[in-house]
Amino acid sequence: MNGKSLNIKEEKLNKLKDIIPEAFTENKVDWEKLKASLGDNIEFKNERYVLNWAGKSDSFRILQSPTTATLVPDRNESVDFDSTENIFIEGENLEVLKVLQKSYFGKIKMIYIDPPYNTGNDNFIYPDKFSETREEYLSRIGDKDESGYMTREGLFRKNSKDSGHYHSNWLSMMYPRLFLARNLLKDDGVIFVSIDDNEVHNLRMIMNEVFGEENFIANIVWKHTQQSKNDERHFSRHYNSIVVYSKFIDQVDNFYFRRSETDNINYSNPDNDPKGKWRSGDVRSPNFRKTLCYDIQTPKGNIIKAPQNGWRWSEYVLKQKISSSEIIFNETQTKIIRKIYLSNQIGRTPENIWDGEIFGTTRNANSELKELFEGEVYFDTPKPVQLIKKIMELNNNDSDYYVLDFFAGSATTAHAVMDLNKEDGGKRKFICVQLPEKTDEKSEAYKAGYKTIADIGKERIRRVIKKIKEEQTDKLDLEGKENQDLGFKVFKLQDSNFKIWRNKITSEEQLLEQLQDHLEPLDENAKTEDVLYELLLKSGIPLTAKITKNNGIFVINDNEIALLLEKMNEKLIKEVIEINPRKVITLDRLFNNNDQLKTNTALQMKDAEIEFKVV
145 MNGKSLNIKE
155 EKLNKLKDII
165 PEAFTENKVD
175 WEKLKASLGD
185 NIEFKNERYV
195 LNWAGKSDSF
205 RILQSPTTAT
215 LVPDRNESVD
225 FDSTENIFIE
235 GENLEVLKVL
245 QKSYFGKIKM
255 IYIDPPYNTG
265 NDNFIYPDKF
275 SETREEYLSR
285 IGDKDESGYM
295 TREGLFRKNS
305 KDSGHYHSNW
315 LSMMYPRLFL
325 ARNLLKDDGV
335 IFVSIDDNEV
345 HNLRMIMNEV
355 FGEENFIANI
365 VWKHTQQSKN
375 DERHFSRHYN
385 SIVVYSKFID
395 QVDNFYFRRS
405 ETDNINYSNP
415 DNDPKGKWRS
425 GDVRSPNFRK
435 TLCYDIQTPK
445 GNIIKAPQNG
455 WRWSEYVLKQ
465 KISSSEIIFN
475 ETQTKIIRKI
485 YLSNQIGRTP
495 ENIWDGEIFG
505 TTRNANSELK
515 ELFEGEVYFD
525 TPKPVQLIKK
535 IMELNNNDSD
545 YYVLDFFAGS
555 ATTAHAVMDL
565 NKEDGGKRKF
575 ICVQLPEKTD
585 EKSEAYKAGY
595 KTIADIGKER
605 IRRVIKKIKE
615 EQTDKLDLEG
625 KENQDLGFKV
635 FKLQDSNFKI
645 WRNKITSEEQ
655 LLEQLQDHLE
665 PLDENAKTED
675 VLYELLLKSG
685 IPLTAKITKN
695 NGIFVINDNE
705 IALLLEKMNE
715 KLIKEVIEIN
725 PRKVITLDRL
735 FNNNDQLKTN
745 TALQMKDAEI
755 EFKVV
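According to the numbering used here, the sequence shown is numbered sequentially starting from 145.
Just so you know, these hints were derived from the structure itself, not from any lab.
Mixed in with the good hints, there may be bad ones.
Unchecked claim - With a straight-line cut-off of 30 Å between C-alpha atoms, the simulated DSBU-like cross-links for lysine-lysine are: (1) Lys251 - Lys693; (2) Lys479 - Lys434; (3) Lys434 - Lys161; (4) Lys330 - Lys419; (5) Lys246 - Lys671; (6) Lys156 - Lys179; (7) Lys444 - Lys463; (8) Lys419 - Lys465; (9) Lys253 - Lys690; (10) Lys246 - Lys611; (11) Lys330 - Lys636; (12) Lys246 - Lys533; (13) Lys253 - Lys613; (14) Lys179 - Lys148; (15) Lys727 - Lys613; (16) Lys253 - Lys727; (17) Lys253 - Lys148; (18) Lys718 - Lys671; (19) Lys591 - Lys610; (20) Lys330 - Lys148; (21) Lys159 - Lys330; (22) Lys690 - Lys610; (23) Lys742 - Lys757; (24) Lys373 - Lys330; (25) Lys434 - Lys421; (26) Lys715 - Lys742; (27) Lys153 - Lys179.
What the hints assert, rightly or not - Computed beta-carbon distance windows for the label pairs: (28) Lys571 - Asn158: 29 to 37 Å; (29) Lys571 - Arg219: 20 to 28 Å; (30) Asn627 - Lys715: 41 to 49 Å; (31) Glu459 - Gly491: 27 to 35 Å; (32) Lys514 - Gly491: 30 to 38 Å; (33) Arg726 - Arg219: 26 to 34 Å; (34) Asn627 - Asn408: 26 to 34 Å; (35) Gly569 - Asp439: 50 to 58 Å; (36) Phe432 - Asn158: 47 to 55 Å.
All residues carry an ideal CB built from backbone N, CA and C; glycine is no exception.
Build out the structure end to end from the sequences listed, making use of the hints.
Here it is, written out as C-alpha cells:
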C-alpha cells in the first residue's frame, strides 16, 4: 500500500500491456512494435482533427499526478452515519475524484454536474501553466484562514473574458475532472452536464475526446424560464443545455419517461379486445422496397393496394399479424388497421426539448429553497428538484444505484434523490462533493450562520430529511424501520494521516527528518477512525462498507478485510486468524519494535492463507 490514489498513467499502461504485451520493450512502449501490431489502425501524422488549447499538457500533468490526500468522517455533521449509504464530501473536487478512484472505479450509474458556465464572472480553480508547480497548486487548494475556512484569495481565479486564456482556463479545469469522472461510471453509466451558450461548443468537443464521439446521446434544450428579459440586447435567453454522454452506448438501455394520463389519451378499446386499450399505428414502409409492394385480399374479396413505399412487413408476417388480430380490417374492408397496445408500452420516449412547465424552472428552484429556509434563498443558481428527478427517471429499469454530483452547490441532487425515492420506493444513493467555499461575509447566508457553500448544502439535506420524516411518520415497515434511507455521511478532504516521503530533499536536516518520519509514519494527531477510512479507501473499499468492531478488531464487509489499529498481541492475532478474513492490515508501530512478533505474525497469516499488510 503506497498511500497514493490510483495512478491513472500506470493503470492505462498496464491495461495496454495486458492487451498488447509485444508492444513493450524494457517496460516501455515501443512505437514501432505498436504500429506493427495495429497495422493501418494507428496514425502518426501530425495533421489530424484534434481539440487543443493552451495548457492542455498541464491539465494532463495535474490529472496523472496521484494524490496522497484522504477523507475523514465527521459524525457530528452526519445523520444516521452508521446505517446510511448517502455521502456528502467537503473538498476540492479534483482531489476528491482522485481519492475515490480505487473504491468507486466503475460503480457509479449516473453523474449529474452543473459546473461553472464561464460567463466571464466565474471564479473557479484551474492549474496555471505559467506560474505554478504541482506542489504550489496543491498548496493553493489547501489554503485556509484562521477559522479553518478555505480562502478565496489565491484559491479561486476569476476567469475574465479579457484573459488571453479565457476558454483554455475553463477547458483545463474541466478536462481532468471529466476524465476521472468517466473512470467512476459503470459500463452502462451516463453523465449529464448542464451548460449554457458560453461553453457548450467546447464542452461537446472535450466530451467527445474524453467519452468518445460515438457515446454522445443528446443535447437537451431546457427552457429554464418563462419570463422574458428585456435588458438583453438581442435575444432574451430562455434555455440552457444538458449534454448527455454514456460510457459505452451499446450498454445503455433505452430511455423512457413514465407514462401519464395525457400520454395515454389516444388509447381506447372500441372492439373490446381482451388485450386491452390500443391505438392505430402506421402500416406503411418508411422506405421503398419492391418486395413489400403486394395486394391484400380481404375476407369479403376486396383488394387493398399497397401504399407508395409498400407495406411495413413481408406478406408472410402481415398474414400472421392478421391471424393474431394485431392487424384488423375497417368496417368496409377498404384498409387495414394496426393495433398498438397500451400494455406493450414500457414508457414514453423522451424528447430533447424540455419545457420548464414540466421539468422545472429557476424560479421553481428558488421557491424550493425558500420553502426549506423560511423564505430565504442562500444560493444564487440552484437547479429545480424536478429537473434532476426527471433525469433520474430516465433510468427506468433501475432504481438502486449511485448518483454522483461533484459540483453539488446547494445539494439539489441529494434533495432530488431523496424526493424520488420517497415517491417510488427506490433505493438510489447520492455522493455529493462540494468545495467548502466561504460565503460572502455581507451575504444573508453568512449572517444566518452558513459560512460556506458546503454548509448550505448539508443543512438543505438535513431539512429535506426532516420534511420527509414528518410526511412519512405512518409509513413504517413491519419491523418498525423506516422504508427509506434518510441519512447521510459527511466526509472531509484532508492531508493523509501518514507522513509522506518527499522526493526532493535538499539538505541533511531534511534527510534526517525524513528518516525519522519513516520510523514513525503515522501522524501523532491521527484518530483511529480517520486512519481506518484512509486505509479502506486506499484498499479500494467504499465509504459505506459494513464495519464491525470486536475487541479491537475492525472487520469489513463480512470478513473481507480485518484491521488492527489500536493494539497487537498474540491473543489478538489468534482471534483474527479464527475470523479468517481475506486480508489483514495493521500498523507497524503496534509491534513496538518486536521483530520476532512481526515475523511470527506474518508466518501465521501465510499458513492461514491470509494476505497480510503492515503500514
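Check: In ascending order, which of the hints set out earlier in this document are inconsistent with the structure?
Finding: Numbers 3, 4, 10, 14, 15, 24 and 25, in rising order.
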